[in-house]
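Line by line, the protein sequences give chains A and B.
In this note's numbering, each residue's number is its place in the first sequence (first place is 1) plus 1.
In this note's numbering, each residue's number is its place in the second sequence (first place is 1) plus 1.
Errors might be hidden in some of the hints.
For chains that are exact copies, the list does not tell them apart, and a pair is met inside one copy or across any two.
[To be verified] Mimicking SDA-like on lysine to any residue, the simulated pairs with C-alpha atoms at most 25 Å apart in a straight line are: (1) K121 <-> T100; (2) K220 <-> T231; (3) K220 <-> E168; (4) K220 <-> E176; (5) K220 <-> G193; (6) K220 <-> L9; (7) K220 <-> G123; (8) K220 <-> G63; (9) K121 <-> A52; (10) K220 <-> A68; (11) K220 <-> G14; (12) K121 <-> A186.
Hints are computed from structural coordinates only; laboratory data are not their basis.
Computed from a predicted structure; not experimentally measured.
Number of protein chains: 2
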Amino acid sequence: MAYDASNLPDVSGLTVGIVGGTGDQGRGLAYRFARAGQAVLIGSRSAERAARSAAEIASSPGLPVGASIGGAANEEIARRSDVVVIAVPWDGHASIVGTLAEPLAGKIVVDCVNPLGFDKHGPYALAVEEGSAAQQAAALLPQSRVCAAFNHVSAPLLVDPQIDRIELDVLICTEERELVGIVGALAARIPGMRGIYAGRLRNAHQIEALTANLIAINKRYQAHAGIRVTDL
Amino acid sequence: MAYDASNLPDVSGLTVGIVGGTGDQGRGLAYRFARAGQAVLIGSRSAERAARSAAEIASSPGLPVGASIGGAANEEIARRSDVVVIAVPWDGHASIVGTLAEPLAGKIVVDCVNPLGFDKHGPYALAVEEGSAAQQAAALLPQSRVCAAFNHVSAPLLVDPQIDRIELDVLICTEERELVGIVGALAARIPGMRGIYAGRLRNAHQIEALTANLIAINKRYQAHAGIRVTDL
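Produce the complete structure using the sequences and hints provided.
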């Protein structure tokens with residue numbers, strides 16, 4: 002029952018699509034997955050912007066020979082990917098995800114969006130009618146296999162080619178045990194990361210909201226904070 | 002700005018009171034603080050129960066010679082302590098805390114209560130009108146200095162005298178920078194722990210709610226999970 006990295010499924014053949022792949026978080030995750038040898042497709046509302054972003058990532062240092070990185074409109078990359086990461090800004094989340102129900106049917110969808118507001122006192126968690134961004138995605142994508150994950154990975158660390166290891170745990174909220182294996186295996190392809198089951202989707206809100214705390218930590222300690230689960 | 006354990010205030014002379022000190026979490030924290038050499042006062046609605054619990058802790062293995070552990074009614078220990086930990090069950094939180102406004106005036110109050118519900122799918126976060134248990138305490142104790150902390154420490158680890166180190170970070174939510182030092186120094190007296198500033202009280206809800214995720218993690222991985230903040 003303990004966490005066991007030797008027990009993970011082989012996900013090396015899966016194509017990972019990133020909806021909102023031109024944003025900081027999306028580009029960072031795309032770079033790390035490509036660097037790990039995963040085929041990656043960058044999605045954007047603009048196919049042209051997606052292609053440009055894919056070309057930029059393809060020319061980044063540290064990628065393996067033959068790295069496969071493409072870019073296209075969100076709908077097309079959703080259709081062509083096995084696992085699709087939702088990495089759009091929160092204020093576009095419902096509208097963008099809502100248009101992708103058909104191409105995302107049957108796919109594994111990983112929502113890493115954090116609904117946060119900002120004022121003069123810094124970040125705070127926004128209330129979400131469905132409970133969380135991940136639950137909103139699950140409601141909009143009834144034929145997809147939705148989980149929350151990669152909520153706490155720091156974009157500046159992801160995109161920095163000098164950084165080899167990113168020491169943190171990817172907390173995965175899902176109703177499906179099999180997703181923990183697949184998404185956890187994807188997380189584990191990034192050196193330093195583990196994917197840990199962290200409860201059902203109804204407990205995704207506080208995972209997303211915790212990003213407000215991590216931003217406060219980053220500010221106070223001049224850090225790029227992540228979360229590691231102890232005793233695992 | 003980085004976390005620096007050498008920079009913490011000297012809190013060795015402070016008396017720590019535990020309101021609800023006869024529960025698992027309260028007894029565990031009382032034992033760890035006493036073991037670290039802190040004077041500890043156990044509080045309960047029943048002075049007799051508090052005294053019995055104090056006597057039990059005083060006879061536990063691992064305490065330093067001359068350990069100071071007393072027990073009395075919640076109101077009395079609130080009055081006699083410098084720092085008071087609120088460790089009552091959530092369903093008694095408002096009523097118990099509400100009666101202590103006067104004895105807790107001017108004191109540092111550390112709320113470690115997690116408002117959780119349980120059903121056949123396990124634990125989930127409860128909505129709290131004030132936002133969080135800590136904010137409810139702050140509203141009920143307008144003359145106290147309230148923070149949220151020690152939400153994630155596992156009672157079975159705390160009470161086990163065989164365990165020397167508990168590897169986790171105590172996330173501290175507060176409006177007052179000085180409290181981070183004092184409460185962080187108390188946390189750091191327990192070997193393996195650090196006290197980390199984790200944002201304002203308005204971001205305490207997700208710290209409390211995250212306990213639902215930790216319980217899910219504990220169940221899946223047969224662990225006593227805690228949180229460590231990386232890159233600090």
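Evaluation of the provided hints:
no. : hint          : in the structure
1   : K121 <-> T100 : neither (34 Å within a copy, 34 Å between copies)
2   : K220 <-> T231 : both (24 Å within a copy, 14 Å between copies)
3   : K220 <-> E168 : both (19 Å within a copy, 24 Å between copies)
4   : K220 <-> E176 : between (34 Å within a copy, 15 Å between copies)
5   : K220 <-> G193 : both (23 Å within a copy, 24 Å between copies)
6   : K220 <-> L9   : between (35 Å within a copy, 19 Å between copies)
7   : K220 <-> G123 : within (10 Å within a copy, 34 Å between copies)
8   : K220 <-> G63  : neither (29 Å within a copy, 39 Å between copies)
9   : K121 <-> A52  : neither (37 Å within a copy, 47 Å between copies)
10  : K220 <-> A68  : neither (35 Å within a copy, 39 Å between copies)
11  : K220 <-> G14  : neither (39 Å within a copy, 31 Å between copies)
12  : K121 <-> A186 : neither (39 Å within a copy, 29 Å between copies)
The earlier numbered hints that this structure contradicts are 1, 8, 9, 10, 11, 12.
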